[in-house]
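Quick note on my numbering: the sequence shown kicks off at 6 and runs consecutively.
A couple of the hints might just be wrong.
Across the chosen pairs, the derived CB separations fall in these ranges [said to hold, decoys possible]:
1) R107 <-> S21: 16 to 26 Å
2) T47 <-> D131: 17 to 27 Å
3) E126 <-> K103: 39 to 49 Å
4) S69 <-> I132: 10 to 20 Å
5) E126 <-> D9: 15 to 25 Å
6) K140 <-> R107: 20 to 30 Å
7) S12 <-> V128: 38 to 48 Å
8) S18 <-> T111: 30 to 40 Å
9) N125 <-> E46: 20 to 30 Å
10) L139 <-> A118: 27 to 37 Å
11) A45 <-> S21: 30 to 40 Å
12) I68 <-> K103: 18 to 28 Å
13) L139 <-> S12: 14 to 24 Å
Derived by calculation from the structure, the hints in this document are not laboratory data. These numbers come from a predicted model, not from an experiment. Just so you know, even glycine gets a beta-carbon here, dropped at the ideal spot from N, CA and C.
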Amino acid sequence: MANDKISESPFFSDLSAAELLFLEKFSNQRTYEAGDTIIAETEDNNAMRVLLDGSVTTGDETISAPHAFQALGMSAERVALLTLTAGNSGCELLELDKAGLRQLLTRVPGAVAKIMMRNNEQVAADIETLTEELKPAFS
């Protein structure tokens with residue numbers, strides 16, 4: 006049976022029970038205490054991280070669950086542009102690296118398509134939010 010935090014995340018809500026089990030098998034679930042560095046600026050960032058519980062900070066911004074970081078298009082080597090730190094109450098993340106993504110693509114390609122769709126929806130929502138925040142500066 007899949008972990009409830011994973012199955013309840015909107016990023017994975019479209020996955021079947023079998024797809025969720027494969028996702029758990031090929032990803033890593035990590036817990037961080039408040040203030041722990043999750044990834045440092047300029048560190049290898051070639052993974053998708055989904056915030057399952059708690060919050061993270063990037064400089065002066067706090068982001069709460071659910072949220073995903075890093076698109077799934079992991080073909081090029083990437084480095085982090087900001088340091089990502091566990092928020093005041095800590096956090097729980099699911100991390101899917103390039104090797105895990107390959108395993109998912111091989112075993113359950115439909116699951117990857119569903120996750121990518123949810124990720125793209127979040128990116129669109131983030132852009133819309135940023136646009137609204139910037140409107141006053143251009144008025």
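The hints, checked one at a time:
Range check, R107 to S21: Cβ separation about 20 Å, and the 16 to 26 Å hint holds. For the pair T47 and D131, the beta carbons lie near 22 Å from each other, so the given range of 17 to 27 Å is met. Under the hint 39 to 49 Å, the C-beta atoms of E126 and K103, about 22 Å apart, miss the expected range. In this structure the supplied range 10 to 20 Å holds for S69 paired with I132, their Cβ-Cβ distance being about 19 Å.
For the hinted restraint 15 to 25 Å between E126 and D9, the CB-CB distance of approximately 22 Å keeps it satisfied. Against the hinted window of 20 to 30 Å, the Cβ-Cβ separation of K140 and R107 comes to about 41 Å, which falls outside the hint. The beta-carbon spacing between S12 and V128, approximately 22 Å, falls outside the hinted interval of 38 to 48 Å. Separation of S18 from T111 is about 23 Å and departs from the stated range, judged on CB atoms against 30 to 40 Å.
Taking the beta carbon of each, N125 and E46 are about 25 Å apart, inside 20 to 30 Å as hinted. Evaluation of the 27 to 37 Å hint for L139 and A118 yields a pass: the beta carbon distance comes to about 32 Å. For A45 and S21, the Cβ-Cβ distance of about 36 Å falls inside the hinted range of 30 to 40 Å, so the restraint holds. Between I68 and K103, the C-beta spacing of about 23 Å keeps the proposed range 18 to 28 Å intact.
Look at L139 against S12: about 36 Å separates their beta carbons, and that is not inside 14 to 24 Å.
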